[in-house]
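The chain contents come next:
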Amino acid sequence: MAETTTEPTIEALSLVPKAEALQSMKDFKSDQEVRWCPGCGDYAILAAVQGFMPELGLAKENIVFVSGIGCSSRFPYYMNTYGMHSIHGRAPAIATGLASSRRDLSVWVVTGDGDALSIGGNHLIHALRRNVNLKILLFNNRIYGLTKGQYSPTSEVGKVTKSTPMGSLDAPFNPVSLALGAEASFVARTVDSDRKHLTEVLRQAAAHPGTALVEIYQNCNIFNDGAFDVLKDKQQAQEAVIRLEHGQPIRFGAQSEKGVVRDRATGDLKVVTVTAENEADVLVHDAHAASPTTAFALSRLADPDTLHRTPIGVFRSIDRPVYDAQMSDQLEAAIEQKGKGDLAALLAGNDTWTVVG
Amino acid sequence: MTSKVSSPAEQADSVDPRGETAPGADTPGGVKEVRRLDRVIIRFAGDSGDGMQLTGDRFTSETASFGNDLSTLPNFPAEIRAPAGTLPGVSSFQLHFADHDILTPGDAPNVLVAMNPAALKANLGDVPHGAEIIVNTDEFTKRPMAKVGYDSNPLEDGSLDAYNVHPVPLTTLTIEALKEFGLSRKEAERSKNMFALGLLSWMYHRPTEGTEAFLRKKFAKKPQIAEANVAAFRAGWNFGETTEDFAVSYEVAPATAAFPPGTYRNISGNLALSYGLVAASHQADLPLYLGSYPITPASDILHELSKHKNFGVRTFQAEDEIAGIGAALGAAFGGALAVTTTSGPGVALKSETIGLAVSLELPLLIVDIQRGGPSTGLPTKTEQADLLQAMYGRNGEAPVPIVAPRTPADCFDAALDAARIALTYRTPVFLLSDGYLANGSEPWRVPEADELPDLRVQFASGPNHELADGTEVFWPYKRDPQTLARPWAVPGTPGLEHRIGGIEKQDGTGNISYDPANHDFMVRTRQAKVDGVAVPALDIDDPSGEARTLVLGWGSTYGPITAAVRRVRTGGDHVAQAHLRHLNPFPANLGEILRRYDTVVVPEMNLGQLATLLRAKYLIDIRSHTQVSGMPFKAEQLADVLKEAIHG
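So the sequences go chain by chain: A and B.
If you use the UniProt record's numbering, the first sequence closes out at 357, no skipped numbers anywhere.
If you use the UniProt record's numbering, the second sequence closes out at 648, no skipped numbers anywhere.
One chain only, chain B, in its complex shape:
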């Protein structure tokens, strides 16, 4: 993958990251210069076995606890241990942090940490000239370089002259620092990521207590390894402070103004989604039941929920995707808040059961953490190409509401919202997250208990219909006139014994019916129920009120689109922005909003699926901008797209 090299001034969020000296700043060691930055983008890159994800996670935690706003982008191959030292085996973690609110993990890193030649080669294209590159020189020997096609040493042949390169023998220094621990060379070497983390923590004045506590907890059963990692981490810090190569350290002040008052934590999309499900179960006062089959990038939700049995959460790892949703649907029949979690290939397998849930009219959450497709596609990369599958991927007319979170933390609220719809309307609901949201993280204001919605439901408890002869009976398909939801009568309720199934049912009684007029009525009623789901009106962000161009997105593109919009506005142009959470039904005011603008740009990580839906429904010509690289949009590129749309 190549990407345009740009000057730092053009990086995300239109802020110049070049720092200014902060004379009063707290200087480590009291001698070195400290510069103040308003934001930094760091990318850690190494082999998939080098612990880059852990390093990134720790730096993120340190940064979160320091109070910066942040956004992360883990990027790793599908193989657990891809061949060492190769380009496909490179794993990276990008972190953007700032003293103000930010929206994306950033387009291009200001600092690249490259643990080997492969990591350098795979990532250099994203690094702008002038950026800092910290390389592990120990790995720049003949074979590792030859493996990735370096004929000469890039550290010596001048090819990196445009960058500010810091050659550091990370491996040697780590082994040296750990020589008293009596570890084998190989064991000691494994701590080099902690050395790198220590160095970066020094460079950016990160608090270190959290990482030391984390290491001692993680290796509680191997105290020697724990202490070795702590020692490597401290050695990295001290190296930064003492060596002359690192003359400057940087401060990025906490983003106090970016956050409303409250208690905060850092959270990834899959964790927020898991917590949203537990919270929904709590707020609905219904036990949570997850039926699932492991699949990247959704498995973390299964892992997380399986830890919370003390909340009454039942997790069932099924024999396949079909059984996962089948068990969930069975639990829904029994009165549980039922969930199945998967990714695109799993949705394909679950389609028939989703259709059954539509016909049974039972609440069910289908969580689709989208990844690159078709087929196995790109398991660890992101995409938004399951929208039409969620919308239409079933036999017959089988409408299903669709909710899409916009940021990692928003996965919490989106899960509650999806549960609300499922429970209120007795319907399966799609929650469309994606790999970028699932693994990315950001600060999240922890909600207070009284901020959570009341999701309690009323099970049917007695007859709901009177026959002509005065007999009181229970009709499983007699609907609530407002919501069109049918009663939820759970087994164990005396007198309400009834049978439901996938065959067409007579309106009201629920008995099997092949009557043509009844089928027509039932198809239209199920559609009307979903069309009538209450969703909030779409908000428009157009501060100048003069915009003639609207950019409309959905799901995880919120960050890059918003960053691009800021950039365009900073450049003096007018653009309006709106972002859809509800893809089915659309907000009632969507058509009117679309008609207000001369141009509507819809960026999507697919080949224009939302654009297709909008054109079909509103007969409006949409300017579709698409990207299916497995990576999120870059703000700079989106800004160019918007400028082009504005100026024609």
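So here's chain A without its partners, still in its complex pose:
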């Protein structure tokens, strides 16, 4: 990459000033000591993000990380960019104000399953439907870590935690399904320990104009250790992970012997063993499909308890009008129609009278 001189401009970031010099990972490390528990999945994500940022080539003073509350939300302190560690659940709202008023900024939201889906659920869905130019990284560890181990809105039913000694009664959210239902224009899922996949997803999210939601499965080794082992263990992952790549048939298994096809009876998706007869039926992944229906069906493939057949990658990436761009357009249109605001004329209005001394 360092050799390239004419990098293609990423549309989503075209208004963000470029860095004057080449950057490296260490440019993005702040002077603050990282204070996550040793072994936390957050370290891997932090390293991946810091490692990926130089690739964007953006002036780092024009990058802002905004977070809520929770373990993941300490993230901004460790990035040598502008940052705000805000309050529980509200990061998407705060970031919306920043991104919609400053189009020269690359704004990232770091949040967790409790922050984004419980207390902040409302802001998340509305950010997604508005399609503000925000990149939301949702660290999903399926547990409340910072408050020491209560079940979260993504915890599996029956989970025994400090607040659910007899098992959780709540049906969990599927964050990808939720985002698709909220009209998200970009939805992806990746895993903390798969640096290469994580980076590739970040790359696509950064390039996406509008709100991008990236769910990152993240291990909490203190309160929910091994929650995603099935996706990480090489042997098991072959059966458990379905890697989505745009334009490629959706196949998985040690020998790619399994494939996703449409069930003709129900219209839903199902997994089959691929044979010469049915090979042509295997679904080709189309992240840009106008309808979110198939992406939604893909998001429902995984077994919520075992995580078998979990698709990772970009589920959906479509072009849709971007909120902050349209907001700016309206300001320009208003100036075109009415001229630049004249304060004296505004204050006087159309109905005045004069008192002479």
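What the hints contain is simulated information worked out from the structure, not anything from laboratory work.
Honestly, I wouldn't trust all of these hints.
[As the list claims (entries may be wrong)] Simulated DEER-style distance windows between Cβ atoms:
hint	chain 1	residue 1	chain 2	residue 2	range
1	A	305	B	519	42 to 48 Å
2	B	495	A	270	40 to 46 Å
3	B	643	A	335	44 to 50 Å
[As the list claims (entries may be wrong)] Which stretches of chain A does chain B cover? Using the computed rule of at least three CB atoms under 8 Å from a CB of chain B, they are:
hint	segment
4	56-62
5	74-82
6	102-109
7	322-334
Every residue gets a Cβ at the ideal spot worked out from N, C-alpha and C, and that includes glycine.
Model the placement of chain B on the given structure of chain A, informed by the hints.
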């Protein structure tokens, strides 16, 4: 609601409104008698669908352009179309206008226009004997009367003998006047409010061009409806001029002496506040960003600001109150003049974010148009009961300056003042208006550009601290020694990358710190910053210099209190008056002023919230006078309270 019926001589501002004949006056038609009045209070009342607010607004505009001083009180139910013909469905608009300066919409109307039995019944208690009542007789039929509990027709049973009643078949006359327009009966009937407006415009010699132009503009896309309304308006005027029932018309001369030279317009509190925000953005040379969620009675500010995108104003209608202030705070971080607008219930939801703004030390305006509470309370009625919420309604020690406008037009200056404090001290600031100011209106002298304050700020542009080893660094919490404000370093500024958050910060560096001594220091420093906000000394109005009693108010009670003070002084008593704009911090001389008087009376539209603050801070026994009816104080009643305080 009942209120004491009083003779006209006791009405607001202690002026007798009974007119004297003006022989040289311009007489419409040249035959009828014209009397000169120095002031009049008119109340239009009807169903919430009858267009009473529009009628009142138009009469106000006519009156403003004529040059009278005026003050208005719209009063309407929360329901958009409350059940027709019922008492809770009555909507009214009161207007007080005069040839001299006045302070309130008036205690009791000299003229009541009642469009139906419900409007008559709901308002009669406020109307003094001898006042004029114009009723729409067409609506006084069996069912509408029965609906509000009239067993017999009050127009015929003698129960209105003490009033000067003008029975007018408004509906019939309007339909008759519009018969050439080919409208359905129902359509034609809707113009009856314009007929009434025409009649009142004749009675009080109001200019009519403005209303006709207004109607043609409002119904530009339906010219037939526009002309029908103009015709109804003119028919009302002509009816007054020709019918014998209206033998007298009245003149109220322009209030030339009341106004310093200048250009004037009529303005409501919410409009003045909106303009104040646009002006503050202009004077600060910062883009205005409003994050808001619709709520009565604050929504008009969102509507108004959304019209001014050509001033670079961004308005964001958020998914909820929390997101409204969240987006504003995000924009503030980015260097905007950020505002959120709401009412009491919304403030409750925004509390946590206000605390974050206190901790981040970023400029942010929180506009609270107070309404009756608690909970949903009285959405369309006024109250001042959010003072303690603004003062203390957050976790931890989270001081926020509070500014309160005193009249509708003053909302403009108060908005500029709140912006000054927010920008200078890098702090959230409360602007506490209320429903009475928001919807009421009065003449406003349009300021010249050079009268507006310079609000420009300096963003941080480079390092502000040198480490022991000589390295130059940027410390986001290194303060200005005078104001204690921290630097405002906006994203996009190279070399100043920094992280801020709600966790306690180390003094100077802004890094996370759990150190006990540092926390103690930071809590005290944030408090000292707000305590040190520069606010002007409190002025005392005590013309005789002999007063032993002080009346102290804040916010929208200024008008009624001042009217009451005038009344007391006219009666020969001495009373001093002061009015607070700054509730946090208080003016430095407040304690000394309070101690100067034997008695301090504090009237408030709550259960004594300012009184509580004053007692706690100054250890002075305050005589708290409170009212939480959803309506403003009446000058006459306040005057009685003051007289009682003076004479013990």
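So, going through the hints one by one against the coordinates:
no.: 1; hint: 305/A x 519/B: 42 to 48 Å; result: holds, 45 Å
no.: 2; hint: 495/B x 270/A: 40 to 46 Å; result: violated, 56 Å
no.: 3; hint: 643/B x 335/A: 44 to 50 Å; result: violated, 58 Å
no.: 4; hint: 56-62; result: holds (count 4)
no.: 5; hint: 74-82; result: holds (count 6)
no.: 6; hint: 102-109; result: holds (count 3)
no.: 7; hint: 322-334; result: holds (count 5)
The structure shown violates the earlier hints numbered 2 and 3.
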